[in-house]
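Number of protein chains: 2
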Amino acid sequence: MKIYRYPTKNTWADLVQRPVLEREEISGLIAQIFSEVEKNGDKALIDFNRKFDKANTKSIKVAEIEIENAINQINEDLKQAIQQARENISKFHATQNTEVQKIETTKGVICWRENRAIEKVGIYIPGGTAPLFSTVLMLAIPANLAGCKEIILCTPPDKNGNINPAILYAAKLCGISKIFKTGGAQAVAGMALGTESIPKVYKIFGPGNQFVVAAKEYAQRYGVAIDMPAGPSEVLVIADQQAVPDFCAADLLSQAEHGSDSQVVFITTDLTIFNDTIEAVEQQVKVLPRNEFANQALENSNFILLNTLEEAIEFSNLYAPEHLILAMKDFEKYISKVQNAGSVFLGNYSCESAGDYASGTNHTLPTNAYAKNYSGVSLDSFVKKITFQHLSKEGLQNLGKTIETMAEAEGLFAHKNAVSIRLK
Amino acid sequence: MKIYRYPTKNTWADLVQRPVLEREEISGLIAQIFSEVEKNGDKALIDFNRKFDKANTKSIKVAEIEIENAINQINEDLKQAIQQARENISKFHATQNTEVQKIETTKGVICWRENRAIEKVGIYIPGGTAPLFSTVLMLAIPANLAGCKEIILCTPPDKNGNINPAILYAAKLCGISKIFKTGGAQAVAGMALGTESIPKVYKIFGPGNQFVVAAKEYAQRYGVAIDMPAGPSEVLVIADQQAVPDFCAADLLSQAEHGSDSQVVFITTDLTIFNDTIEAVEQQVKVLPRNEFANQALENSNFILLNTLEEAIEFSNLYAPEHLILAMKDFEKYISKVQNAGSVFLGNYSCESAGDYASGTNHTLPTNAYAKNYSGVSLDSFVKKITFQHLSKEGLQNLGKTIETMAEAEGLFAHKNAVSIRLK
Chain A
0 MKIYRYPTKN
10 TWADLVQRPV
20 LEREEISGLI
30 AQIFSEVEKN
40 GDKALIDFNR
50 KFDKANTKSI
60 KVAEIEIENA
70 INQINEDLKQ
80 AIQQARENIS
90 KFHATQNTEV
100 QKIETTKGVI
110 CWRENRAIEK
120 VGIYIPGGTA
130 PLFSTVLMLA
140 IPANLAGCKE
150 IILCTPPDKN
160 GNINPAILYA
170 AKLCGISKIF
180 KTGGAQAVAG
190 MALGTESIPK
200 VYKIFGPGNQ
210 FVVAAKEYAQ
220 RYGVAIDMPA
230 GPSEVLVIAD
240 QQAVPDFCAA
250 DLLSQAEHGS
260 DSQVVFITTD
270 LTIFNDTIEA
280 VEQQVKVLPR
290 NEFANQALEN
300 SNFILLNTLE
310 EAIEFSNLYA
320 PEHLILAMKD
330 FEKYISKVQN
340 AGSVFLGNYS
350 CESAGDYASG
360 TNHTLPTNAY
370 AKNYSGVSLD
380 SFVKKITFQH
390 LSKEGLQNLG
400 KTIETMAEAE
410 GLFAHKNAVS
420 IRLK
Chain B
0 MKIYRYPTKN
10 TWADLVQRPV
20 LEREEISGLI
30 AQIFSEVEKN
40 GDKALIDFNR
50 KFDKANTKSI
60 KVAEIEIENA
70 INQINEDLKQ
80 AIQQARENIS
90 KFHATQNTEV
100 QKIETTKGVI
110 CWRENRAIEK
120 VGIYIPGGTA
130 PLFSTVLMLA
140 IPANLAGCKE
150 IILCTPPDKN
160 GNINPAILYA
170 AKLCGISKIF
180 KTGGAQAVAG
190 MALGTESIPK
200 VYKIFGPGNQ
210 FVVAAKEYAQ
220 RYGVAIDMPA
230 GPSEVLVIAD
240 QQAVPDFCAA
250 DLLSQAEHGS
260 DSQVVFITTD
270 LTIFNDTIEA
280 VEQQVKVLPR
290 NEFANQALEN
300 SNFILLNTLE
310 EAIEFSNLYA
320 PEHLILAMKD
330 FEKYISKVQN
340 AGSVFLGNYS
350 CESAGDYASG
360 TNHTLPTNAY
370 AKNYSGVSLD
380 SFVKKITFQH
390 LSKEGLQNLG
400 KTIETMAEAE
410 GLFAHKNAVS
420 IRLK
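The listed protein sequences derive, respectively, from chains A and B.
For the record, in the first sequence the residue sitting at position 281 is 280 according to numbering that gives the first Met the number 0, with numbers rising by one throughout.
For the record, in the second sequence the residue sitting at position 136 is 135 according to numbering that gives the first Met the number 0, with numbers rising by one throughout.
Excised from the complex, chain A in its bound form:
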């Protein structure tokens, strides 16, 4: 832990820096994987499963029977939990739908926007240390609500060639029928290029390791869109004197356990809360199963004492955290001052894990200061908005001179003529 007491503002720019990640130079490898998938399709993916995931997979596509077997392996408690989460996520994302609103900008000129779902979307769910079935919910539910016609999912198989049953259960529950056993950069290549089994998609969503991140970046050369640029997960907690150190510590650790490259930041104005929270973190981390990750993440993490809550918010806006917890009595007062953050948790009972799983908000959020210029995933991420306009003859008469004058001033006479010829 790095501890800063009343750092002066001229040091803040350094304090908001994320730990620099050592990234291997992998662009050559990514290009090779794409080329292999382009050439050999499913066969390439099956070979990569053997090579990278030590898995024998005869077929890339998960069979219906595998999905049904998975459903039987999930206990009732987990089923109910997933269903409650699904309900809340559905409710919240349904509020994000917008009505068509027509406006007559000039008499006879009517303009509006209509939503259209992106027809084909791909969801990537990593394997690795935690089976992220919650991310299936976070991506498949808005995709479905938006009305995407083709929603596919790729996730790597385990050594026995199987997919984690909770992932299959969540996918089935959210109406995804096409699930493919492929992971890493090759899965992204499969979705971007299409193979015999995998339909080519228009947008790719989901988290992953540096290979997945690099592959999503690379996929954009093929006209595919991606959800957002990625970085390690992070939380910033601001605590006033009425915060509960044990709660704050638990929230910080729930972020720190994600991975050794996670970052957590704790800010308070109260010296007792400051010391007690540091103490609580040290106590709680000891008993965590994933404390190796958490301890490494804590090494890169900042505990900062500041003079006022206003300063704390100012610091947070400069940092632009993925998750921001306002463990403050008067959080209402500060909401409008939050400028840069992915998702905000208010008060002592809004723990980050509530939003990670089940409050209803999306957990796919901008990291690495991207909260300055990106929103998290929402229903919007799965639709395009098309503008429509209708000009009556009268409408064009009312607007014609303006268009002609501007077109001429830009030297675009064919633009002008498209009006003149109609008004002749």
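Since the hints were derived computationally from the structure, they do not count as laboratory data.
Note that this is a predicted model, so its numbers are computed, not measured.
Be a bit skeptical, because a hint or two may be false.
It does not matter which identical chain is used: a pair holds within one copy or between any two.
Below, computed lysine-lysine pairings styled on DSS-like, alpha-carbon distance capped at 27 Å [to be verified]:
| id | residue 1 | residue 2 |
| --- | --- | --- |
| 1 | K90 | K384 |
| 2 | K384 | K119 |
| 3 | K392 | K78 |
| 4 | K384 | K148 |
| 5 | K158 | K38 |
| 6 | K78 | K171 |
| 7 | K106 | K90 |
| 8 | K158 | K53 |
| 9 | K8 | K38 |
| 10 | K285 | K1 |
| 11 | K101 | K384 |
| 12 | K38 | K119 |
| 13 | K177 | K38 |
| 14 | K90 | K400 |
| 15 | K332 | K101 |
| 16 | K78 | K106 |
| 17 | K199 | K336 |
| 18 | K90 | K171 |
| 19 | K148 | K8 |
| 20 | K392 | K332 |
| 21 | K42 | K199 |
Following the hints, put chain B in place on chain A, whose structure we already have.
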């Protein structure tokens, strides 16, 4: 012109291909320009002005007196035209603001989203063959409506070191006070990195040549967002038997005059309209000042006769045009079938140039089939949406078991503990 009569569907995939552009390999040059701007700031930009634009500029920032002089150079007609356009664009984009909508997903769990403007945005306006002051309106108006605090504009100077007065007038009218004389990749580098004069921005908007496009792509390495990927402009016109060939031809040419790499597509079900439109294009192009561009663009353009309007829409959705004109009597019937398009113009009097300038819709739109996965620029492009959630103690009690169960199933015990410790 390429003419296709009743092409079979298995040939459509080829027909929707855009002309392949010969792009020079310029990534090395772009990296060099960024490095130069990073090292030498304003001085580098002044040197580049001399080198690339043959312009002597002592200072990068446009002085207040230059803006005032420009205003005096604009005639009243153009001022009024720009003001009417501004009014319509403002009206339409104002409808895109969304209200905060709070929802209680579970008793005691309240979730909502709030908009926050992206604080600092940069607008790039190309010089070159047409002074695109209309693009100033299209980008500065929504930026202002969104509430962006810092809106800056970069555009290359002419050989005398001056900026086109209409660009300065439009910028001033839209409340942009910081205008910089710099163009091409170096302008993008300036906005992405910041210099002594130019503030570093979080998102860069605007069209440009291949150097600008490559620089915007490159800028993303520095954490900057961009409006959308770019390609040459295009229009697809679908005409029924009641369309007016002269109008269709004028619309096709108003797109073709943009540049030699523009593409226009004409589809009709009526043989007479087909032949007459081709004839009208050939006649009208002769008298255009920019007919050199238009003729080159026409060489790459498709005129297609199909059997039904349903097929025409199907083709259009596959092509995903930036601009789609439905020159059809029954356009109402087909609106819901339009799946992939940037902006749609309905009926015989909705010429594309209306939307380019003054109907109110935005003219910064997805090209090159990106209408399959991107929206055009709108108010949304200038805001981020932050999610908020508040759980009361009761709320967490109602949701606690679900969160704990899911966290445990994902192997994330610190996530679980953040709930358990609060409910103890």
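Checklist line | Index of numbered hints that the structure contradicts, given in increasing order | finding: Result: no hint breaks.
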